[in-house]
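So the chains spell out like this:
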Amino acid sequence: MSPNIPNLVYVVVIGVLFATGVTLLLERSLTRVLMGVVLLGNGANLLLLTGGRAGGPPIVGTTAEEDMSDPLPQAMVLTAIVITLGMTAFLLALAYRSWHLNGHDEVQDDVEDRRIMELADRDEGPGTSDTDTADGSPEARVLTTGAAEGVR
Amino acid sequence: MTWLVPLPVVMPLLGAALTLLLAGRARAQRWASIVVLAATVAVAAMLLVRSSLDGPLVVEVGGWVAPMGIVLVADQLAALMLVVSASVTLCVLVYSIGQGMADGNEETPLSVYHPTYLVLTAGVCNAFLSGDLFNLYVGFEILLVASYVLLTLGSTETRIRAGTTYVVVSLLSSLIFLVAIGLVYSATGTLNLAQLADRLDALPDDTRLVLQGMLLLAFGIKAAVFPLSAWLPDSYPTAPAPVTAVFAGLLTKVGVYAIIRTETLLFPGGRTADLLMVTAALTMVVGILGAVAQSDIKRLLSFTLVSHIGYMLFGVGLTTPLGLSAAIFYVVHHITVQTTLFLAAGLVERRGGSTALDRLGGLARLSPLLAVLFFVPALNLAGIPPFSGFLGKLGLVQAGVDDGGFLAWALVAGGLVTSLLTLYAIARVWNLAFWRAPHADMPEPGDADQAARTDGAEQPHGGPAPGGAVLPRLMTVSTAALVVLGLALTVVAGPLFDISTDAADDLLRRAPYVEAVFPEGPP
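These protein sequences, in sequence, are chains H and X.
Position one of the first sequence corresponds to residue 1 (the UniProt record's numbering), numbered consecutively onward.
Position one of the second sequence corresponds to residue 1 (the UniProt record's numbering), numbered consecutively onward.
There's no promise every hint is true.
Unchecked claim - One-sided and incomplete, this derived list gives chain X residues near chain H with beta-carbon spacing under 10 angstroms: (1) Arg50; (2) Val149; (3) Leu153; (4) Thr190; (5) Leu191; (6) Gln294; (7) Pro386; (8) Phe390.
Calculated directly from the structure, the hints in this document are not laboratory data.
A virtual CB, placed ideally from N, CA and C, is assigned to each residue, including glycine.
Please construct the entire structure, taking both the sequences and the accompanying hints into account.
Spelled out as structure tokens, the structure:
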């Protein structure tokens with residue numbers, strides 16, 4: 001048997017797992033992202049398995065040496081499965097906590113990023129100007145810019 | 001001396017178990033962590049000395065012979081990284097202990113902090129020492145899992161929000177790495193780095209390029225290389241100061257280390273050199289432009305972190321001995337200085353009650369010591385002579401000029417512009433937070449009530465930050481220690497550059513690494 005050409009079914013399954021995984025990963029809800037990660041992880045694990053030769057159980061005395069499957073990818077897949085399990089548990093906890101705090105589990109935007117983009121839209125620099133304004137608090141600045149826009 | 005090699009991984013892991021057992025007893029837990037990390041520093045220093053004198057040290061873990069079993073290899077590059085990262089983690093640990101005590105949570109300590117921190121250290125050390133691609137993956141996972149926990153410590157709303165992005169992006173990069181490992185194994189039948197160095201050469205060029213591209217993509221996300229860097233400034237600033245500091249110092253550098261290792265040992269010849277140089281230029285310039293736009297010290301520093309990753313890639317992309325050696329020097333410098341700056345930002349947050357630039361002012365008058373602790377590493381980062389940042393950039397510029405190509409010159413220009421803009425960004429922090437007149441409502445030392453009033457309402461990053469507190473001695477001492485370490489890098493720059501040059505030569509020759517793992521040639 002040819003050692004390095006994997007079964008076609010394998011390849012198709014891996015492809016489907018990756019495609020669905022990527023689709024789910026692009027969703028906004030953390031639970032779907034989590035499922036995407038799980039599917040992708042399974043796809044990656046199967047891919048690892050196809051890297052080695054297929055065959056009988058690699059135990060001396062059970063299988064002739066030339067018919068043995070390659071045990072190394074199997075050992076690696078075991079490790080990878082355990083890691084994926086841990087990650088899944090953590091992500092699940094994160095999604096639960098997010099739902100607990102916000103009432104939903106959607107991945108949110110970076111607040112500070114949005115604030116700086118708004119500043120840029122108003123054509124203002126970050127921070128305050130270098131002049132010593134005793135009242136440089138963000139609220140005060142919002143007020144003054146609001147007034148300036150009113151004048152304009 | 002090879003028995004020393006696994007210790008930087010084993011000791012922190014055992015220490016983590018020990019500190020977990022000591023969960024109820026804060027004092028014992030603290031001492032256990034300090035002793036373990038101090039021992040790690042000592043072992044790392046010995047490894048550096050031995051590997052400089054005798055060449056790479058190799059251990060076959062569990063006695064399984066090389067291509068089947070896993071090897072740990074401490075060559076000069078790995079040992080140098082170990083020394084710097086272990087020293088930095090020790091200082092940050094002392095800082096976080098100082099912070100914990102100052103916040104008065106001795107009675108209700110976050111008992112998972114110490115074990116997780118030690119696991120993180122073990123993961124970082126494992127990644128540096130690994131001589132096997134899959135073990136490198138495991139090292140990455142160990143440090144990432146620990147970093148997830150540290151980043152979402154206390155699970156406040158902001159940290160959960162930032163942590164979500166971080167975890168998902170990291171998971172994706174790990175998956176890409178895993179797929180790359182699967183493909184490398186299918187193509188070559190091995191994952192041992194030394195054996196791969198031999199077998200990858202025999203593959204068709206296109207296959208090699210695919211494998212190289214996959215690995216670069218995975219490591220590029222971890223190292224926060226533009227355009228794969230957007231996750232970093234979003235997630236890092238929300239964590240507690242010591243956590244951000246240690247992340248900034250170490251995690252991205254592990255990615256850079258992995259890039260250096262794969263580019264030199266596995267895929268020599270620089271087929272992706274142009275790609276690396278272009279991304280290096282973009283990382284530098286886009287990163288620093290981001291920093292200029294920020295109005296929060298921690299976020300600003302996160303952007304400079306991204307930007308300066310570009311310098312290291314620049315050196316790697318040149319693929320000349322001088323370029324690589326300057327890149328290694330720069331990694332060492334940057335680990336120290338970036339960590340110091342984040343620690344100083346933590347002190348600013350404690351003294352001024354915030355890290356938002358519009359709220360700070362007059363810190364130079366209120367706390368001259370803090371001003372010095374920020375000023376020195378800040379100038380060092382911007383590359384003002386005679387600091388190590390200047391020397392590292394000088395080395396890179398020299399290497400770029402020697403190369404003489406169009407891209408190299410463009411990168412030299414980009415590097416100089418980035419250095420200037422770094423100075424601008426840092427000077428803005430200095431002017432706004434330290435130099436201008438203090439706000440009327442700046443909290444006085446010990447004026448915790450007022451601090452709570454000024455920042456309790458909308459503390460941007462969650463977590464307790466009682467402004468106006470007197471700076472705890474342990475926190476200032478550990479920050480000062482890192483500042484001194486940064487200055488020491490300037491003083492010993494000569495010998496350090498010799499080490500990095502040796503390391504770069506060994507990397508480019510490849511033979512020392514391969515021969516150390518397989519004395520009789522790869523099977």
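Please name the hints from earlier in the document that this structure breaks, with their numbers sorted from lowest to highest. 1, 3, 7 and 8
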